[in-house]
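Peer 1: Order-wise, the sequence lines are chains A and B.
Under the numbering used here, the first sequence has 124 at position 34, and the numbering climbs by one with no breaks.
Under the numbering used here, the second sequence has 840 at position 276, and the numbering climbs by one with no breaks.
Source of the hints: derived by calculation from the structure; they are not laboratory data.
Quick caveat: nothing in here was measured; it's all calculated off a predicted structure.
Virtual Cβ for every residue (Gly too), placed ideally from N, Cα, C.
Keep in mind that a hint or two might mislead.
To be verified - Facing chain A, a subset of chain B residues (Cβ under 10 Å, in silico): (1) L578; (2) F714; (3) T744; (4) P783; (5) K846; (6) I914; (7) G917; (8) E918; (9) V919; (10) G925; (11) T927; (12) P1050; (13) M1052.
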Amino acid sequence: MQETAPNTDEIDAVIAQHQHLEGPLLPILHAMQETFDHIPDAAHRPIAEALNISRAELHGVISFYHDFRAKPAGRHVLKICRAEACQAMGGTALAEATLAKLGLDWHGTSVNGAVTVEPVYCLGLCACAPAAMLGDRVVGRVDEARMDALLQEAGA
Amino acid sequence: MKIYVPMDSAAKALGADAVAGALIAEAKSRGIEIELIRNGTRGMIWLEPLVEVEIDGVRHGFGPASHDDAAAILSGDAACALGPVEDLDWMKKQTRLTFARVGVIDPLDLADYEAHGGLAGLRRAIGMDGAGIVEEVTNSGLRGRGGAGFPTGIKWKTVHDAEAPQKYIVCNADEGDSGTFADRMIMEGDPFTLIEGMAIAGLAVGATRGYVYLRSEYPDAIRVMRRAVEIARASGVLGADVLGSGRSYDMEIRVGAGAYVCGEETSLLNSLEGKRGVVRAKPPLPALEGFLGRPTVVNNVISLATVPVIFEKGAQHYADFGLGRSRGTVTLQIAGNVARGGLFETAFGISLGEVVNDLAGGTATGNPVKAVQVGGPLGAYIPVSNFDAPLGYEELDAKGGLLGHAGLVIFDDRADMLRMARFAMEFCAVESCGKCTPCRIGAVRGVETIDRIAEGDAAAIPLLTDLCETMTDGSLCALGGFTPLPVMSALTHFPNDFATQKEAAE
């Protein structure tokens, strides 16, 4: 992941790598976000042209999915599960306390840019709820102490 | 010394990586030679991380293990010793067909997979023609395990009979329902069984290409599946000449992007094509006009992963399990506020009460059970008074419930059912694809109406009931169509939670 200004060659390379696929748009958007940590505005026109779709259609797709971001996230993304199984184990209170501690609302990024907190609806860790994910690393039976450790690790 | 430490994400979420690291370090410091295998999970999540040590060919369990237990596990005197894993009650009571290898084998070792019955089904299918394969699936009585319960054989026959230059197999691995993790478990614990099932489906209907649409919330499953596809391709299980049959089938893993509604098959297809994940009106059926307008089999992970065992053991063997029109096994996922949560595969027909009280041991908190939500966010909240309900498609339907993907989320007596009903509407509002009005607008109005009830407005209750009827009858897909199920079941079975505020206000 990098947060430097996207350059055209990199954007074109990402598109070229996936353009041959059947239904290439989601793979392109995922690769774009993996490269730039968001979908840069500068990528819209080249993607639309490469796939022969309008920029409005492209915007429609990007904005439909929760995963795609128009701006880079914090250095770490913390996802807290809000779904029913986690609620049954106090997930709502845990999420509220975490957001309050950071002074954030959902999707917010801590002032120091360390962590962005996102809601997620189910990580498939429903038998060890409540669950969270820091980056790609899953954590189960999250209590206050475990959450504090995660936040500390993220530098929040 | 052979030691198993699961790499399943539930085990990792509970510290399995640290346990594996500690075992390696401890063995090294003692100069003991160990072979550490990262297996899938056995499904006993309350015992995770569950370390297994093979002694005289028998696997002994230690769990839940922490990294501090490494020394004692290697010495064989750990306090968390459980004895032979296969002798544990939870294991003995199950009928493991789909999940026979999960937790047993190294998920990415194709030879290990074959040694445990893998590829036998595909080899048998290669000797049959398409119609014969479809008939075998039909005879097994297998129904879609994603929730709808549609007979798999009939779906396959439609695609088989369709004429087209290209057909597709699409696996719906967008397991978004809370309380469900069977798809994730099998993809992380026995990925080749899904690949084999999809290859058999390809041979059956004449599809040479397949896709697994896997949700982005499952990074571990994505890694395992991608690697498994590479291995299968390199070994000739996938490709232009499947196991030397002269027939072609290949597949790819595609990643979703966080939209719950893409678990609905038509919005999944739109998403796979690179469009907004908006639901398509049916007809046309995806079986006739699916991915890129071609005939497409869309099946859930568990449905496809069950196909190999049907071919390995025969359709009749599979159909001999079950109840009524629900044949074979159901992979129950027991979750939420539960003492012993995890995956339990058994013949259809077990009662809800037996699962919740006996197998799962009630709640984790020790408080009385208040309700169980069966079938995910679109499933009903079932009160204890209906615990005699047998778990089968029609049987649960008769009790006003929905088996769905067979996830059970247990709540204790502190659960506020009005709040849960409100959440169901809120979730529907957030996740609605926006195509049909009853879902897009209805869910928003539903949240508002439940808020009015919470504020003591009794007149809002009939309004909510009426709104739910409209959503049920008028929505295009299950999201808007079944959101009323949790809402109305909460209202019907737990009226006190909807009345307290009102009484206080009066």
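Peer 1: All hints are to be evaluated individually against the structure, with a verdict given for each.
Peer 2: So, going through the hints one by one against the coordinates:
no., hint, result
1, L578, "holds, 5 Å"
2, F714, "violated, 23 Å"
3, T744, "holds, 7 Å"
4, P783, "holds, 4 Å"
5, K846, "violated, 20 Å"
6, I914, "violated, 18 Å"
7, G917, "violated, 18 Å"
8, E918, "violated, 18 Å"
9, V919, "violated, 13 Å"
10, G925, "violated, 13 Å"
11, T927, "holds, 9 Å"
12, P1050, "holds, 9 Å"
13, M1052, "violated, 16 Å"
In this structure, the hints that do not hold are numbers 2, 5, 6, 7, 8, 9, 10 and 13, in rising order.
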